[in-house]
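**Q** Here the protein sequences line up with chains R and G, keeping their order.
FYI, the numbering for the first sequence is 1 to 114, going by this note's numbering.
FYI, the numbering for the second sequence is 1 to 113, going by this note's numbering.
Everything labelled a hint here was simulated from the structure, so no lab data went into it.
There may be inaccurate statements among the hints.
What the hints assert, rightly or not - Under the rule of at most 20 Å between Cα atoms (straight-line distance), these lysine to aspartate or glutamate pairs were calculated in the DMTMM-like manner:
no., chain 1, residue 1, chain 2, residue 2
1, G, Lys42, R, Glu15
2, G, Lys42, R, Asp67
3, G, Lys42, R, Asp71
4, G, Lys42, R, Glu17
5, R, Lys106, G, Glu59
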Amino acid sequence: TQLLEQSPQFLSIQEGENLTVYCNSSSVFSSLQWYRQEPGEGPVLLVTVVTGGEVKKLKRLTFQFGDARKDSSLHITAAQTGDTGLYLCAGATYSGGGADGLTFGKGTHLIIQP
Amino acid sequence: EPEVTQTPSHQVTQMGQEVILRCVPISNHLYFYWYRQILGQKVEFLVSFYNNEISEKSEIFDDQFSVERPDGSNFTLKIRSTKLEDSAMYFCASSGTPKNIQYFGAGTRLSVL
């Protein structure tokens with residue numbers, strides 16, 4: 001059974017600070033997705049990382065995939081109150097030509113205080 | 001922007017009743033998925049579907065569950081005899097190429113009384 005551990009589970013910081021959240025596993029994933037989920041809604045895709053060591057930037061958000069494709073991080077620079085939300089990582093492994101389900105972490109609840 | 005649409009947004013049912021949750025995936029996508037999220041817990045994979053058959057299913061997806069693509073646009077999840085522990089948010093997702101990028105609907109909240 002593949003597991004994705006996210007840390008921290010909860011994080012509350014002041015606006016303007018930087019933060020990093022982590023997503024770790026003992027399993028290798030073919031790709032890793034980061035989603036953001038608002039209460040009562042579905043996960044919204046932020047980014048997909050595929051190559052070991054890959055770094056992707058989305059405005060103030062920087063996503064990194066570990067060299068061994070077992071872990072990933074999300075770094076937010078100069079956090080804003082609008083960044084408040086639940087951040088989920090989800091890993092995919094490819095079994096062949098069919099459709100492969102994602103393995104989700106429990107998420108990091110991020111609160112940015114004004 | 002294309003999106004995955006799920007209906008109803010909230011379904012209330014009595015234990016033992018059958019429910020059908022409906023999804024309209026993004027129109028040119030070929031891969032379809034159902035996930036569930038019990039309140040306060042993580043999103044869990046149920047089943048994936050491609051080329052008119054199930055590709056993969058989890059341990060949760062037992063004989064009480066079934067999926068169907070009855071026409072060219074809808075993708076349904078049926079629970080034959082609901083149990084209290086089936087109460088959860090059910091999310092439909094779809095993907096095209098590359099298939100690892102899955103887009104989620106807003107979910108159906110299923111409440112089993």
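**Q** Now look at each hint and say whether the structure bears it out.
**A** Here is what the structure says about each hint:
no.: 1; hint: Lys42(G) to Glu15(R); in the structure: violated, 27 Å
no.: 2; hint: Lys42(G) to Asp67(R); in the structure: violated, 26 Å
no.: 3; hint: Lys42(G) to Asp71(R); in the structure: holds, 18 Å
no.: 4; hint: Lys42(G) to Glu17(R); in the structure: violated, 27 Å
no.: 5; hint: Lys106(R) to Glu59(G); in the structure: holds, 19 Å
Hint compliance for this structure: hints 1, 2 and 4 are broken, all remaining hints hold.
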